[in-house]
Amino acid sequence: MRVSLFITCYNDTLFPESGKAVVRVLERLGHTVDFPAGQTCCGQMHWNTGYQEEGYPLLRRFVEQFRNSEAVVSPSTSCVAMMRDHYPLMAERLKDARLEAEVAALLPRVWEFSEFLTKKLGLEDVGAYYPHRVTYHASCHGLRSLHVGDGPMRLLRAVRGIDLVELEGLEQCCGFGGTFAIKNAEVSSAMLTDKVRAVLNTRAEAVTGCDNSCLMHIGGALHRQRTGVRPVHLAEILAGEEGNTL
Amino acid sequence: MSETALDPKTAPKFQTAAKTLLRDSQLRKNVRHATNVIQAKRARVVGEMPDWQELRESGRQIRNHTLRHLDFYLEQFERNCQAGGGVVHWARDAEEARQIVVRLVKESGAEGGSPTEVIKIKSMTTEEIQLNRALEAAGVHAYETDLAELIIQLGHDQPSHIVVPALHKNRAQIREIFRREMNLPELGGSPEDLADAARRFLREKFLRVKTAVSGANFLVAETGGVCIVESEGNGRMCLTLPETLIAVAGIDKVIPRYQDLEVMLQLLPRSATGERMNPYNSIWTGVDKAGADGPRSFHIVLMDNARTEILADEESRQTLQCIRCGACQNACPVYQQTGGHAYGSVYAGPIGAILTPQLMEMHHAQSLPYASSLCGACYEVCPVKINIPEVLIHLRHKVVQQQSSGLNILANPEVMALKAAGAIFRSEPLFRASQKLGRVAELPLSRKDSEGNGWIDWMPGMLGGWTQVRDLQLMPKQTFREWFDEREKAKSDREIATSRKAENNGH
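Protein sequences, first through last, are from chains A and B.
According to my numbering, the first sequence is numbered sequentially starting from 65.
According to my numbering, the second sequence is numbered sequentially starting from 17.
A hint or two may mislead.
Far from chain A, some chain B residues (derived; all Cβ distances over 10 Å) [claimed, not checked]: (1) P66; (2) H85; (3) G101; (4) G125; (5) P201; (6) T239; (7) P272; (8) E278; (9) D320; (10) V456.
With a straight-line Cα cutoff of 27 Å, these simulated DSSO-like cross-link-like pairs (lysine-lysine) come out [stated by the list, open to error]: (11) K84/A x K493/B; (12) K414/B x K401/B; (13) K45/B x K247/A; (14) K452/B x K84/A; (15) K247/A x K505/B; (16) K505/B x K84/A.
Treat the hints as calculated values from the structure; they're not laboratory data.
Just so it is clear, CB atoms sit at the ideal spot from N, CA and C, and this is done for glycine as well.
Next up, chain B with everything else stripped away, as it sits in the complex (with noise of 0.2 Å):
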């Protein structure tokens, strides 16, 4: 349980976090067993599908060819969306987002909202901007609608996962959390049990609430609709209901034609949980001006907070493709075994490890990009087709970069160690120098095992990381180049003999 808000300007490194989480067993069971769960579903949804990788190719041209005009697209959205009664709002950074939000919440009293409390549809974008922190501060109390962000609010937790916030508590867990945070000393473990639990909680809060915030998964350029998907009609619930909804996206977040639905809401939904619809796809625009059904005004705040930082860099510009359907963290092995806290940042996971450094502009979250041993599974069943080895390759370049810049070097082993190998291998002598010296410099740290064999069980310093569970087999006596040598010469030795054996018998 991480009862601090993930902010990467404050979190531990990777490292650090995973040793602790590491050791819950409880939290490694879950997570592993949810993400087995959903892979597994998403496998068999996907399978069936005959175009699955050309949809993921449409997926991907769809999204960079937004990425590439995204000034054409989201002004062309904001007029659309201005022309349907919707109030478009502007924010550079996390910080006037959440200033534009507090303000209309505020303001949404005199428009039969409620100004000090607001219902929540589950966002990544308003946890990425602490957007309930904020609130609370100016006195308005939020509530999470989201099955799995209530349980998080509940548990004063955190999310570990952009689809499903909660995967790292189990059934136990979260009845614990319900009987404790609801006043239920009564209520049964059923998933049914917990169901009605939730349902009388919140039912209450829909029908007072008067105000909502939402985030969005898509915003159509071409009508100025929004679009939101979710599995429980809780967002439904909130998208119809109160008097005033306040809506926060990314500036990413923009697809040029209604039409693009088609592409978007099959990858999103059978990469995300698994399923070939989601149960509530909601598209809205503006508002109904007669009056006669949703919110009487609609707001929605553009935030860029880094994304054109992002968008300025070719290699990792890719990076903003992204639909947040949380595939490559269901498939990464070192997600499945640290669960998302690790990450510092709401946004876990691989995509967590290329978004969140750059969100950053690189000055906080370095040692994310390293959270990976680049195996690949993250690209292999990501619906849009984002290289993430690629950037995270891309981004460790840039970290390199800043730790080896002036005297920084010197502070660092790492850097001078592989400065010293790269040396060594633009030069076949030197290679061939330090393979000898390499076998010399090692016999200390030699132990026979019981066949005789020597091994290394231990090493110093940062190569520790090595020996803590793995032994190390010394260096052979002879390279495989000093044998290849040995034998051409002995072929040649041999050519030699016979030739001179055929002169002599000329003669």
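The following block holds chain A by itself, in its conformation from the complex (with noise of 0.2 Å):
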């Protein structure tokens, strides 16, 4: 299959290992990826803290730039669920029918990395192979937008010599939820607090999962408290294979 990689724009430009491992991946897998190169961002982070004019630009451009894709994959739940819940509104309230039929046509093509592994492509074992103790965070909107339930933690244990260990509270927020981090900074470090401490509890070397906007936020503390427990994209997992890990 073809697949289009929209990378979106924290990952191009925070964390390019996790891209370049959900390349590897997909062409492990017989697939060829392309880079539609006029793509910036979803709209997400304007949408969600009020800046709608902002956002209605952002959705022409993701539907101009991958309008001919035969299928749209991208390693995070959040833009995803941004997309989903509300690409066909706002295509709506732009009054713009052609738009609307584009992106009702385009959204089924879209998929969240695991869940493009798990409900596309209908596998489990990817053939990777990841040696370490792996604690997996499931992501709000992976969890209650996408749906994408315990898909990465099959995903998980298929992987050859992992040692995958379950967080408590695995439904509850990280605290990230954007610019809430900041304008709610206080609230937010309280609810991380909870979440690195489950994390801590599972004696995990390292905490994934399906976007990096809250391992970013999970590993900036994991990171601060001098933890040596390391955030790790899902695809960078499955990316490994025996004599190659990440």
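Fit chain to chain and form the complex, with the hints in mind.
Rendered as structure tokens:
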């Protein structure tokens, strides 16, 4: 299959390794990956913070960039949730019937990375090897908007060498919430403290998930506290191979 | 403890109030414990319902349908309530509602009621309009008879939850309040001791005070009946013993048919207290005309207080579907950290974050729509499927529109920053350039950690919120798109080289 990668603005800028890992996994599975060059951001930050007017052009840009893609894959639950939850409504509000139709046609072909593997390709074992103790954080958007369910856990269980430990309070938000972490820094910090405690209780070396924004948040505290526990995107674990782990 | 009334007009910003409350470790422990207990009970009784999702959908449709035809159902309720002997009053806003209640209490003396004292059933609507203060100012003392409301009243405190108003207090703290306020220096600390003290304190009021004030859970248009559900039976006392009963209800409380209670009385108790059914379900219609039973006069005050404004907004009118179960509060990770007082309104938690600013017609409480990480836990548990995150985002847009009007934009660094970011994302070359620029701009803030990696542990201005407890790693030397370009170029170079080789070989 020809897969178009929507890397998302923050993965592009801050977490290129996750993108490289997505490419590696998909190519290992026999798919070709292209990267529509004009892509930037899905508009989530603006839309969720109340800057609706800034969001509309980003919807148009996304559709322009990906309208001809066979499948769009993105390693971010919250960006895909942004599209599924809001793009149809946004197109409707723009009163642009053509855009509405294009959004309706494109969205069923847009997949978050883990659900592309489990739901679209029907895979659990992607031939990965990762000999570390790992715990999985379920991002809220993956859980409640995309309903990825235990898909990521099933992918992880099939990884050879992994020592997978379940995280207590799996369904609890880490407190990131985009601009929430800045606007309500104290409350966000309190929520993060609970999450970090749960991560540390697992004695894992790495905490993984399907969204680097949550992982950046949790990882930021893990680094501040010098815990030695590192955040790793699910794709980076699945990209691991014997003799060639990331 | 919050001595001053929770008034959105004067309350501090959510983040300011939260900061103070987060330092109260006892409060946080109490709130967490209580919300966890209720959530677990709710999960158990919801889990046993095979048709819970269908029930939620029915609940949503009933509430949505009612709101779309609110004028019709309100007038139907009025007619049927009057036919049953009830007196219906209409109040445009809180001030009118207070005036009506004060007048009715004063007049109740003529009908055998108590013109200077009332007993009250727990009612968030009367909290919303700060009725007790108005009564007090008019020389009428209101006794709260719901156990939690009694604790709040005696503790000179404010409710922190719409169903469990004293959930931020633990048993030891309640004992102290009772000892002090009921003058019981020997009071024990067991649940039985506390319940006994409350019972003795309240029973005397039930038998003496002949005027009662209540709220309402549902108004049944078809019959003109009013429904109140509760756990303790103290509400039932207030509904049956006095001579005059005055109910205050928002106009959003109406439902079309008696049969609709079949859905609502399943959704509400399971969502609110994790019970299959409320221990006390009272439904009454007007008065007993024979005068044999219950109050001799019944008044209901139907209050708008900005509800029609909310109804007029297509995007956020679903807020009015709320049946005040408080499930969203228990499920909210933000509420779990701060408790209810941070919201500066009697409506706390996610529902408060959308309801309060709208009740204030967006003139106050503008920090509330931002008091959420948009995690969606509230929407998941809402028994009438209010998409709270969606409404929060809609209200944020309204706040931003106010903040970015005219010259406001220049005074607001956030508006400037997000507008600039918007412009960058609208152009790929500009985005690429900003990524490069960012790598240089962040360098002065960089510090090497023990592994020699660059991290940022301090940022200026509003970004400093991040670095309070989190580090931020530096941007890598190469963005993904730069890597991909390079890879594609290498690939095509290889292909060109291969084809040239093939050409050469051909010659």
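Against chain A, does G125/B keep a CB gap of more than 10 Å to every residue? Fine: 49 Å to the nearest Cβ keeps G125/B off the interface.
Compute the least Cβ-Cβ separation between P66/B and chain A, then decide whether it is above 10 Å. Given that every Cβ of chain A is farther than 10 Å from that of P66/B, nearest at about 19 Å, it holds.
Looking at V456/B again, its CB stays over 10 Å from all of chain A? Label holds. Min Cβ-Cβ 13 Å, cutoff 10 Å.
Non-interface claim for D320/B, where every Cβ of chain A lies beyond 10 Å: 27 Å, holds
Quickly compare the C-alpha distance for K452/B and K84/A to 27 Å and report which way the hint goes. Holds, at about 19 Å.
K505/B and K84/A were given as a pair; does the straight-line alpha-carbon distance stay at or below 27 Å? 16 Å, holds
Distance rule for P272/B, whose beta carbon must clear each one in chain A by more than 10 Å: 29 Å, holds
Tell me if the straight-line CA distance from K247/A to K505/B falls inside 27 Å. 42 Å, violated
10 Å Cβ clearance of E278/B from chain A: Given a closest Cβ separation of 29 Å, the condition holds.
10 Å cut-off, C-beta based - H85/B kept clear of every residue in chain A: 24 Å, holds
Take a quick look at G101/B and tell me if its Cβ sits farther than 10 Å from every Cβ on chain A, holds or violated. The assertion about G101/B holds, with a minimum of 48 Å to chain A.
Hey, K84/A versus K493/B, does the alpha-carbon distance stay inside 27 Å? Holds, because 14 Å separates the two Cα atoms, which is no more than 27 Å.
Checked against the numbered hints listed earlier, the structure breaks hint 15 alone; every other hint is satisfied.
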